[in-house]
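Trainee: Following the hints, complete the assembly by docking chain B onto the known chain A.
Residues per chain are reported as follows:
Number of protein chains: 2
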Amino acid sequence: MGKKKRTAISPTRSENYPEWYQQVVRAAELAETSAVRGCMVIKPWGYALWENIKAGLDGMFKATGHVNAYFPLFIPKSFLEKEAEHVEGFAKECAVVTHHRLEEGPDGGLVPAGELEEPLVVRPTSETIIGATYAKWVQSYRDLPILINQWANVVRWEMRTRLFLRTAEFLWQEGHTVHETEAEALEETRKMLDVYETFAESYMAMPVLVGEKTEGERFPGAVSTLCIEAMMQDGKALQAGTSHFLGQNFAKASEIQYQSREGRNEYAWTTSWGVSTRLIGGMIMTHADDDGMVMPPRLAPQHVVLMPVVRDEADRDAVMVYIEEIAEALRSMKVFDRLIEVVVDDRDIKPGEKGWSWVKKGIPIRAEIGQRELDEQSVFMARRDTGEKEGVSRDLFVSEMTKRLELMQADMLERAKAFRKAHSKEIDSMEDFKSFFTMQDEEYPELQGGFAWSHWCDGAACEEKISSELAVTIRLIPFDRDANGSGACVVCGGASVGRVVFAKSY
Amino acid sequence: MGKKKRTAISPTRSENYPEWYQQVVRAAELAETSAVRGCMVIKPWGYALWENIKAGLDGMFKATGHVNAYFPLFIPKSFLEKEAEHVEGFAKECAVVTHHRLEEGPDGGLVPAGELEEPLVVRPTSETIIGATYAKWVQSYRDLPILINQWANVVRWEMRTRLFLRTAEFLWQEGHTVHETEAEALEETRKMLDVYETFAESYMAMPVLVGEKTEGERFPGAVSTLCIEAMMQDGKALQAGTSHFLGQNFAKASEIQYQSREGRNEYAWTTSWGVSTRLIGGMIMTHADDDGMVMPPRLAPQHVVLMPVVRDEADRDAVMVYIEEIAEALRSMKVFDRLIEVVVDDRDIKPGEKGWSWVKKGIPIRAEIGQRELDEQSVFMARRDTGEKEGVSRDLFVSEMTKRLELMQADMLERAKAFRKAHSKEIDSMEDFKSFFTMQDEEYPELQGGFAWSHWCDGAACEEKISSELAVTIRLIPFDRDANGSGACVVCGGASVGRVVFAKSY
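Taken in order, these protein sequences are the chains called A and B.
Whatever position you read off the first sequence (first residue = 1), add 1487 for our numbering.
Whatever position you read off the second sequence (first residue = 1), add 1487 for our numbering.
Among these hints, one or two may not hold up.
No copy is singled out in the list; a pair is fine if it fits within one copy or between any two copies.
Claimed, not checked - Okay, derived cross-link-like pairs now, DSSO-like style, lysine-lysine, Cα gap no bigger than 27 angstroms in a straight line:
| # | residue 1 | residue 2 |
| --- | --- | --- |
| 1 | K1821 | K1541 |
| 2 | K1549 | K1841 |
| 3 | K1549 | K1847 |
| 4 | K1890 | K1904 |
| 5 | K1821 | K1549 |
| 6 | K1837 | K1623 |
| 7 | K1541 | K1739 |
| 8 | K1876 | K1549 |
| 9 | K1876 | K1821 |
| 10 | K1921 | K1908 |
| 11 | K1623 | K1841 |
| 12 | K1579 | K1678 |
| 13 | K1847 | K1623 |
| 14 | K1492 | K1876 |
| 15 | K1908 | K1623 |
| 16 | K1890 | K1541 |
| 17 | K1549 | K1991 |
| 18 | K1876 | K1739 |
| 19 | K1991 | K1952 |
Treat the hints as calculated values from the structure; they're not laboratory data.
One chain only, chain A, in its complex shape (with noise of 0.2 angstroms):
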């Protein structure tokens, strides 16, 4: 990569992809580990742009025809146990309450008292006490559909975590739905897997495939799950959020009944769809570079920061009152339906480290402002993603503001798009496939391979095969699959409808 410039961050993503995102995370200020194993403190940079995220979902869901509600935080064991799959895919790792109290205990120290008579698990996902609030709510095909989202905080007691993309609590959000009929519930799964999709390209900036996980990838109890997945920097897969269709599995273990039309009693259809605070890890490792964050401009808790470089303390007022009245006039305007959010930045710190620590918080614009620019009445600019720094006119600055937001907003998505593309590959024989995973990239040495496009047999032996000689798994099967010619399956030569997606994966 030629001769080594100095940056930000420290790793850097060629030296060492992994501890690389745990250093953008801390010097951006997003989160940090707490005391408690697993959980995180998500501090206010980051929790700013969760309630960005929050904010522009929540839009989405609403227009779909959603309403928000909430439901308990913990799940009778015996809930949990009703369905068989389910129970299996999260009793090996979730917080278990089975006291309700704390009392002196023989040396002194205190101790749990007040056995619970059942233990309570903290949610690691709702689908087993929502249903069983909703097999109250529903008597006849009149009360559907149930359209409700909720947003939460659940557990699952994970062992190795990674801030933001793997942890023992998380945010998220839980979409529920009823339906009356298999098809309906189908096109909700679908629906709300759409809105993923947008949301990630248009908010995120972070392309995305869409597609339907295979059977051992499903969510436990699961009929079908379909996912969003991204290509991080380093060529693995991020599974971004997952729509689930449920077939009458939860109705059945619920006892979710209605009269239908025709005055029988039936079972209804459900789905379940959630996104989480991984998003937040998916954008750090799509746009971050070696100097820290890039937040798209649709999603930044701030759009522009302004700051006074004050050399002679005679000027700083007249320099001040310059920048307020710049940032009143950007206030005013609004980028992607919001107005544009300003900090001016006065805090009596060098100025170095004053620009650095906003260089690697990621905020879109930063401006410096000095003397020279008020006698000329202009702004030295900076922009976060290309690094490109100019001066230009105070007015220009100000009236271009939404079009070089929306523009940053643009080419982030076109570049996360071409290195999507540049790692992406259509493998048709067992030697590249390997190769692909295994051989290292002189340039880039901590890349990960890519997304393979391949052709399989649909067995799950040879899926095993792949995951288990090289740590490959099978992202996704395209909805279009069979548009793009059949083939031979790279491991045993089967015959393959369509290609789908293997890549290495977080």
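Mentor: Only chain B this time, still in chain A's reference frame:
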């Protein structure tokens, strides 16, 4: 109360107030109990109300310089033990996580396994876990103040629960701030109480008294607790929000130290403040009547319902067009900085049933619209708080909607103030005091006295006597207590610098 009128809620307030409350919550579809002891399901209509409460408060927190963040759900037992009064206050009723998986037991069912080295408590409040984080963030006076709020769920294992008022799990916000000086922390404590007072009166139309709690009623570990107290329609007080000055107690427990401007290591000064879904209980008991909920327009999930009344199916299309035109006109207007929210209810159920469902939900304005209204270009409307019904021209119905909703909001506050005034009394003898809290009102047998403004000697013994004999407590000590004259303690006759507020309470 004269001849018995038919009401949508049975029993009425005067027949059985506690049962009336539960029936209103149910009939308005705000919340319901769940299969998990003490945990509620907040239904879409109730959750939409909470979303509006959140949006209003969040805007006020941000306007006063606060940002949001998120901290872990779990608190290690040892953290809770760091502050002696604090653990004393919360250990008796907390959910304790002791295991991190379920596995098959000897009799085939699942049993808790993977015992944790240290039990975790599901946060009943977050001073200790947030304090541990702040200790890492704070090095120097330059790092202060920290002004952070968290929106979260918390759990307190209450034995007697009531929807919204007292539940094992509830939703709330908790602000946690750190300051350089005692004066700044005291100012913050009072500033956030002012925010709560403004919110209660301006958004909820719920008048509140402000003041300080007595030592016995303080938050466990606080130096002082400030509160807002509202009077419910049974004359009992509801503590609706608290703001705590924590002194250096939690800074010492969590080792939040900073290097001062003089270069010395000092403990910081902290505050915390919170309101919860209990506010919804307060709104119900302030505004609801014997027909159900009455929503203050500023927080109402929807402002107006338009209901087609179609007697001849041939008229339906024209009536629906007329209704949609009115809906569109209203939706482009604002009230209290929100777009007016209109629901067109064309469900195929009996008109009476439909109308009553909205009465019970408390939507501010209902309108019935049929062929006759279309012919007359009019609307037949009803105002929920007063019950007034009138035919108005379509133009006036639309053009005066903002004013009408603002007026309704103001009227609701005035009525609640008048109720409080009618049930508040300066009481100077023990005989009158006892009679105030024990005499049954013939007209309104469920009335539990009201607010007694009486003198108190500041003695814990007198406070305790009143509490044990009459179940009456000191709700607050007004900030301007000494401005209204000194007197003799209503219990012991000792010297009192001014009156305090006594009441029965939730």
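Trainee: Give me the numbers of the hints this structure contradicts, sorted from smallest to largest.
Mentor: Numbers 7, 8, 12, 15, 17, 18 - these are the hints that the structure violates, sorted from lowest upward.
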